[in-house]
Amino acid sequence: MIAHLDGLNKAFESKIRLGIMSILMANESVDFTTLKSLLELTDGNLASHARSLEELDYIRCEKKFIGRKPNTSYSITDLGRAAFSAHIQALASFINTQQ
Amino acid sequence: MENKEALNTLNDIKEMMERSSKFKAISGLSILIVGILASLVSAYIYFFLGDYSINTPTKWRITTYITVSLLVVAFFIVFIMAYIKAKRHNLRFTLDATMRRLLLNFFIPLGAGGLLCIALLMQHRYGLVSSITLIFYGLALINSSHFSFPALRYLGYAELVLGLIDCFLVDYALLTWFLGFGVLHIVFGIIFILKYERSK
Numbered sequence: 228m229i230a231h232l233d234g235l236n237k238a239f240e241s242k243i244r245l246g247i248m249s250i251l252m253a254n255e256s257v258d259f260t261t262l263k264s265l266l267e268l269t270d271g272n273l274a275s276h277a278r279s280l281e282e283l284d285y286i287r288c289e290k291k292f293i294g295r296k297p298n299t300s301y302s303i304t305d306l307g308r309a310a311f312s313a314h315i316q317a318l319a320s321f322i323n324t325q326q
Numbered sequence: 006m007e008n009k010e011a012l013n014t015l016n017d018i019k020e021m022m023e024r025s026s027k028f029k030a031i032s033g034l035s036i037l038i039v040g041i042l043a044s045l046v047s048a049y050i051y052f053f054l055g056d057y058s059i060n061t062p063t064k065w066r067i068t069t070y071i072t073v074s075l076l077v078v079a080f081f082i083v084f085i086m087a088y089i090k091a092k093r094h095n096l097r098f099t100l101d102a103t104m105r106r107l108l109l110n111f112f113i114p115l116g117a118g119g120l121l122c123i124a125l126l127m128q129h130r131y132g133l134v135s136s137i138t139l140i141f142y143g144l145a146l147i148n149s150s151h152f153s154f155p156a157l158r159y160l161g162y163a164e165l166v167l168g169l170i171d172c173f174l175v176d177y178a179l180l181t182w183f184l185g186f187g188v189l190h191i192v193f194g195i196i197f198i199l200k201y202e203r204s205k
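If you're matching them up, the sequences are chains A and B in order.
Just so we're aligned, residue 228 is where the first sequence starts under our numbering, counting upward by one.
Just so we're aligned, residue 6 is where the second sequence starts under our numbering, counting upward by one.
In case anyone wonders, no lab produced these hints; they're calculated from the structure.
Among these hints, one or two may not hold up.
[What the hints assert, rightly or not] If you want the footprint, here are the derived chain A segments under chain B, 3+ residues with CB under 8 Å: (1) 235–247; (2) 309–321.
[Unchecked claim] Computed cross-link-like contacts, BS3-like style, restricted to lysine-lysine with a CA-CA straight-line distance of at most 30 Å: (3) B:Lys-27 with A:Lys-291; (4) A:Lys-263 with A:Lys-242; (5) A:Lys-296 with B:Lys-27; (6) B:Lys-200 with B:Lys-27; (7) B:Lys-27 with B:Lys-9; (8) A:Lys-263 with B:Lys-9; (9) A:Lys-237 with B:Lys-27; (10) A:Lys-296 with B:Lys-92; (11) B:Lys-90 with B:Lys-200; (12) A:Lys-242 with B:Lys-29; (13) A:Lys-242 with B:Lys-92; (14) B:Lys-27 with A:Lys-242; (15) B:Lys-9 with A:Lys-237; (16) B:Lys-19 with A:Lys-242; (17) B:Lys-92 with B:Lys-200; (18) B:Lys-92 with B:Lys-19; (19) A:Lys-237 with B:Lys-19; (20) A:Lys-242 with B:Lys-9; (21) B:Lys-9 with B:Lys-29; (22) B:Lys-92 with A:Lys-263; (23) A:Lys-290 with B:Lys-27; (24) B:Lys-27 with A:Lys-263.
Quantities reported herein were computed from a predicted structural model and do not represent experimental measurements.
Backbone N, C-alpha and C fix where the C-beta goes; we use that ideal spot for every residue, glycine too.
Kindly produce the complete structure, drawing on both the sequences and the hints.
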């Protein structure tokens, strides 16, 4: 990245966090395993990126038990949806100004 | 940031959103094969009965047995070939939320139509059965296209229109089935292969 642009969200600079947000934008809720296989990540890697998005209140994490197996699923918050939309908007308007 | 980088990022976002929410392993060849099978089977029934119209209980019984078997074989082919396509192109093929949504949205309208047809057959009211199968199949395709290739809806629209035309015609059950399940699948299968699968 050369110049820093208005409206681009630092939280989405990482490709992994961008991927997590994209998937959660398109789905109501996605469990940890599905997210991991879609993004081709390791457990620790996904967990740490997910936690940083959680701390920003962009995504919400729900832990429950299915039978005896623990199951973690993620969904996007209203704040996260707004922030991600603004990020996409900024990218799109940047492309428009260049053309 | 360069223009190209921003564009790539947007494309990545779009691809991720699609890949995570749509089932992309449907094989165009399987649609084509189902179309060919359906054409052959309806041609066989036509020569067997010697008529387009299926107007006696015996004719209906024979036709029902054959078409239900064809239906089972067709689903089996689509399922197996989707599995092969998923393996080959590294696509997801698990009973996750996406596949469950696709199956539910496909089989709820189709199941409703199927039950309606069974009820009509039991009451010996045969006239609308062929159009009902096409109409509900079309609705099932339109409904489930949101969770797979959006283009599936065009096949759905075509089946729906054909089914609605068939409502107003009497005695052309076999011909409309031949067109709807045979010809339309062949045409759509070829378009599907050319549009989505040729370059890969």
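Here is how each hint holds up against the structure:
1. 235–247: holds (count 4)
2. 309–321: Per the Cβ count (4), the hint holds.
3. B:Lys-27 with A:Lys-291: holds (26 Å)
4. A:Lys-263 with A:Lys-242: holds (14 Å)
5. A:Lys-296 with B:Lys-27: With a Cα-Cα distance of about 27 Å, the restraint between Lys-296 (chain A) and Lys-27 (chain B) holds, given a limit of 30 Å.
6. B:Lys-200 with B:Lys-27: At roughly 17 Å apart (the allowed maximum being 30 Å), Lys-27 (chain B) and Lys-200 (chain B) satisfy the hint.
7. B:Lys-27 with B:Lys-9: holds (26 Å)
8. A:Lys-263 with B:Lys-9: holds (27 Å)
9. A:Lys-237 with B:Lys-27: Measuring from Cα to Cα gives roughly 29 Å; hence the hint holds.
10. A:Lys-296 with B:Lys-92: holds (28 Å)
11. B:Lys-90 with B:Lys-200: Given that 30 Å is the threshold and the Cα spacing comes to 16 Å, the pair holds.
12. A:Lys-242 with B:Lys-29: Within the cut-off at roughly 23 Å; holds.
13. A:Lys-242 with B:Lys-92: Holds, at roughly 26 Å.
14. B:Lys-27 with A:Lys-242: OK: Lys-27 (chain B) and Lys-242 (chain A) at ~21 Å, within 30 Å.
15. B:Lys-9 with A:Lys-237: holds (19 Å)
16. B:Lys-19 with A:Lys-242: holds (13 Å)
17. B:Lys-92 with B:Lys-200: Holds, because 20 Å separates the two Cα atoms, which is no more than 30 Å.
18. B:Lys-92 with B:Lys-19: This hinted pair holds, its Cα atoms lying about 23 Å apart.
19. A:Lys-237 with B:Lys-19: Holds, because 19 Å separates the two Cα atoms, which is no more than 30 Å.
20. A:Lys-242 with B:Lys-9: holds (16 Å)
21. B:Lys-9 with B:Lys-29: holds (27 Å)
22. B:Lys-92 with A:Lys-263: holds (18 Å)
23. A:Lys-290 with B:Lys-27: Holds: Lys-290 (chain A) and Lys-27 (chain B) sit about 25 Å apart, inside 30 Å.
24. B:Lys-27 with A:Lys-263: Given that 30 Å is the threshold and the Cα spacing comes to 17 Å, the pair holds.
Comparing the model with each earlier hint shows no violations; every hint is respected.
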